[in-house]
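S.K.: Okay, here's what each chain looks like letter by letter:
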Amino acid sequence: MTLDGVFDHTAADPDEEVHQHYAELLNNADDILYGRITFGLMGYWKTLLQEPSAEKTMNDFATAIDRINKIVFSHTLKDPEWKSARLANGNLEQEISALTQMPGGDILVGSRSLIIQLINLNLLSELQLCIHPVLAGKGLPLFDQIGQRTLLKLSNTKTFDSGAVILYYQCGKTMNK
Amino acid sequence: MHLSLDGFVAGPNGEMNWIKVDQEIFDYIGKRIAGTDTALYGRVTYEMMQSYWPAAADQPGASKHDIEHAKWYSQVRKIVLSKTMKAEGLSHTQIISDNLSAQIRELKEAVEGGSEDILLFGSPTATHALMEENLIDGYWLFVNPVILGQGIPLFKGIKQRTLLSLVSTHRFNSGVTELNYTVTGQ
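From first to last, the protein sequence lines are chains P and R. Residue numbering for the first sequence follows the numbering used here, beginning at 1 and increasing consecutively. Residue numbering for the second sequence follows the numbering used here, beginning at 178 and increasing consecutively.
Source of the hints: derived by calculation from the structure; they are not laboratory data. Yeah, the Cβ is synthetic: ideal placement off N, Cα and C, and Gly gets one too. Take these hints with a grain of salt, some might be off.
What the hints assert, rightly or not - Okay, the calculated bits of chain R under chain P, using three or more residues with CB under 8 Å as the criterion:
#1 263-276
#2 340-351
Said to hold, decoys possible - Quick list of the computed label-pair ranges, beta carbon to beta carbon:
#3 P:Asp106 / R:Val288: 30 to 40 Å
#4 P:Leu41 / R:Tyr229: 46 to 56 Å
#5 R:Thr302 / P:Asp144: 49 to 59 Å
#6 R:His347 / P:Asp106: 42 to 52 Å
#7 R:Gln227 / P:Leu41: 46 to 56 Å
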């Protein structure tokens, strides 16, 4: 997210350190939930598996995102066309309920639309927000249509050389084991 | 500036009851503002300050923060951005009512520490006016652990993508995080 709250992958410039952080995050989880748009954008990383980048951390991230189980929420997408991806069974609440009952690790959420829904449903257990040192001026706000005041508990912060800062908050509701 | 995680400085009706300020944060802020040459305010925030600080140290049960900040407030040079206010009868106070860009640039040149020594407190409307003219050189933010959902936004009127440099960050016991940036370019 930019400092002025814009959620747009072109607004900020994640560097090697940031890519490495997120590759590790993905490697330590089993499942990640996506909406259609973000899932579509993630398709970019598949191309790196065929034609690796000069930057090792980008290749590591591509490997990590290929490995993790991707669950896509979409009314229109018929086939995710990715071996490690499947369409969600049912709505967000139903899918999460099913996932949390199975053995497994953390369930990550990679999409703005899902994050907003989960905050409103009070189903998000942790928010890890990466704030990049840039003001976009305009663009899609991450926090939009949040229905009510939501209290959070800061549990950690991580600062990168680029000036990006991740703020870790507990949200109260448990979503995973 | 104290703000919510979703970028609001107050609720839709100006509510600030969600802002966490305690002695730890007051002490931290106090250290930086002690050396501030000039405090900048919009009219509404200025009126709020005037209704409290001049008499705050004299109230029975005044806290350490009340006493220290009241002293600082009485001595700091104040500049108020207002098209309607008049400066008569106000000590250490000057009004900027028009030619915002020119007057602020002049101010930055006149103040010894340059823009580093001019701090804008609260004042969302004035902040937006300064953002539109690209006159803000740094952001000293205290991010509160709360998502408000609606309210008065901090950022408005930024015309183009602006790069920032993170100067420092600090974690407070209350869960507030300080993020301190300078504006580096566009």
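S.K.: Does each hint fit the structure? Answer for all of them.
M.R.: Against the structure, the hints:
1. 263-276: n = 0 at 8 Å, threshold three: violated.
2. 340-351: Held - the region 340-351 of chain R has 6 residues with a Cβ nearer than 8 Å to chain P, which meets the minimum of three.
3. P:Asp106 / R:Val288: 30 to 40 Å: 50 Å, violated
4. P:Leu41 / R:Tyr229: 46 to 56 Å: 49 Å, holds
5. R:Thr302 / P:Asp144: 49 to 59 Å: 23 Å, violated
6. R:His347 / P:Asp106: 42 to 52 Å: 28 Å, violated
7. R:Gln227 / P:Leu41: 46 to 56 Å: Since the Cβ atoms of Gln227 of chain R and Leu41 of chain P sit about 51 Å apart, the hinted range of 46 to 56 Å holds.
Violation of the numbered hints given earlier is confined to hints 1, 3, 5 and 6; the remaining hints are satisfied by the structure.
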